[in-house]
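K.L.:
Heads up: the protein sequence lines correspond to chains A and B, in order.
According to the working numbering, the first sequence is numbered sequentially starting from 1.
According to the working numbering, the second sequence is numbered sequentially starting from 1001.
The set of hints was computed from the structure by calculation and includes no laboratory data.
Nothing here was measured: the structure is a model prediction, and the numbers come from that model.
Hints are not guaranteed to be accurate.
Stretch-level coverage of chain A by chain B, calculated; a stretch enters the list once three of its residues show a Cβ under 8 angstroms from a Cβ in chain B [as the list claims (entries may be wrong)]:
id	region
1	2-9
2	15-29
3	86-98
4	246-255
Even for Gly, the Cβ is constructed at its ideal location relative to N, Cα and C.
If you want the building blocks of each chain, they are given just below.
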Amino acid sequence: MTGLSDTYQLTKRSVKRNFRLPQLLVFSSIQPVIFLLLFNYVFGGAFSGQSSESYINFLLPGILAQTALFGSIQTGVGLAEDLNKGAIDRLRSLPIARYAVLLGRTLADATRNLFVLILMISVGYLLGFRASEGWMSFISALALVLLFAYAFSWVSANLGMLLKDSETVQVAGFLWVFPMVFASSVFVPVETMPGWLQAFANNQPVTQVVNAVRHLTRGGVVDGSDYVWITLAWIAGVIFVFAPLAVYQYRKFNK
Amino acid sequence: MDNNAILAKSVSRKYGSLLALDKVSLSAEKGKVTALLGPNGAGKTTLIKTMTTLLVPDKGEIFVDGIDVLKNPDKVRSHFGLAGQFAAIDEYLTGRESLEMVGRLYDLSIKEAKNRAKEVLEKLGLTSAANRQAKTYSGGMRRRLDLGASLVAYPKVLFLDEPTTGLDPRTRFQLWDIIRDLVKSGTTILLTTQYLDEADALADKIYVIDKGKMIAEGTSEQLKKSLGKDVVEVKLQTNQISKAKNLISGQFKSRVEVDELTRRMRIRTVKGGDDLLKVANILKDARIKPEEIGLHRPTLDDVFLAITDEKAGKK
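With the rest of the complex left out, here is chain A:
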């Protein structure tokens, strides 16, 4: 299985990049921590008047999903960078499996996401977050967020190969990630939004994954396990569509 070995080598390559590029590590770890602190202390007071749940317990599952999704933007950014520096051409001239470059990149970004998520959970714990549903559920929640971000890494990979410029990919990434994160149940309950926005917020994938994670870490979500299944369906659907599309785009570079 040289495809697996190739994928391993290219994953290692991108993991090293992710952890050695200081600006990338700062961007992907310190920024979400600042988000967490800001939102917790800025929104926390307003929120606690309306709910018996402490805000950090509500916020952390949302911030985890947000962080992971922001992290997946980097898949496209990294690919565009490799394209421009000629690294992709070099790799395409080597006798390696065609999918290995993309698989390596997305797996490396999942590794970084895991690192950042653990950091976020640790900071969340210091701020008072406590999971109440047991270890198994907690680890399932973490896995669900990771898989969710992994699926969207493939969307981002497509953008990276389509736009071919790392800064453009970064901006475009925020364009689709911001509305998805803010028009969701990440920061506030969806019921507080206007009706037309609720229709979007209730049905888009970020709300599903956030509600699923709340169910798995804190319980008390109505029809909580449904959200887990719907999230898994989203993950499967997104990978099913965007992974083959990405491989197709990659193959098309020789045209």
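Given chain A, put chain B in place with the hints provided.
P.N.:
Just chain B now, kept in the frame of chain A:
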């Protein structure tokens, strides 16, 4: 095919409406250096890309190490090495890590990959920088590391796309030495360059490409001979150039070129030494004292300018 490590037959490729390659043919003999010479945008990189599976041509046939590149792209990739124009190295990996990774990607065992990386680093004089991230490397070191990556798997055929563009002269000569060493060990090399002296110094055979078309081929000697004529070069004082030009033009059929900036006049001759004396006498009779006067064989620059002029003239 037998004696050719690279063979391209009538390769054409369009980018939109631009004909980047127009029925280009090329053959590179085993164990020799073949140079593809041309200005920016001539189609050099495009041709290399079609030969290394990065780009599918619209028409034509390509064989590398006897393998049909268009029919068996996956098979042929383990038979060549490619060092591209932009030194596509991984900045955040150390030199050693880069080469070991490439070795593993070529399916060398872990031990082989380690040994080979060490060997290549030594060969290219990068041993002392082996454990530093490549982002700390100088331009010349980057090129060497990029070249190194293409050498890891002992390729029989090596494609070098402008290996020395942008390097200082000393670093260029270092790379030339490395290329000569590789040829000694039996590697076939196809290199592209915009420098005539580079093709002259390294290549056994030279192809000249311009605007997507092959416009000349041959050894460096053949190309110079095809122009056939030695050149008399005279350096004059500025105020005497036009007078001298008029006098000499009257007695020579060939064109007299003047470069005002360097104050040099160049006359393509038929009879070499006799013509040198003739020019000297004309100047002497007119009491014009040249600062320098001499006869030299045409350089590849002369050849290239002559060929491209000729082609442009025909259109």
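K.L.:
Confirm or reject each hint.
P.N.:
Taking the hints in turn, this is what the structure says about them:
1. 2-9: holds (count 4)
2. 15-29: n = 4 at 8 angstroms, threshold three: holds.
3. 86-98: Answer holds; 10 residues pass the 8 angstroms Cβ test.
4. 246-255: Satisfied; 3 residues make the cut.
Checked against the numbered hints given earlier, the structure satisfies every one of them.
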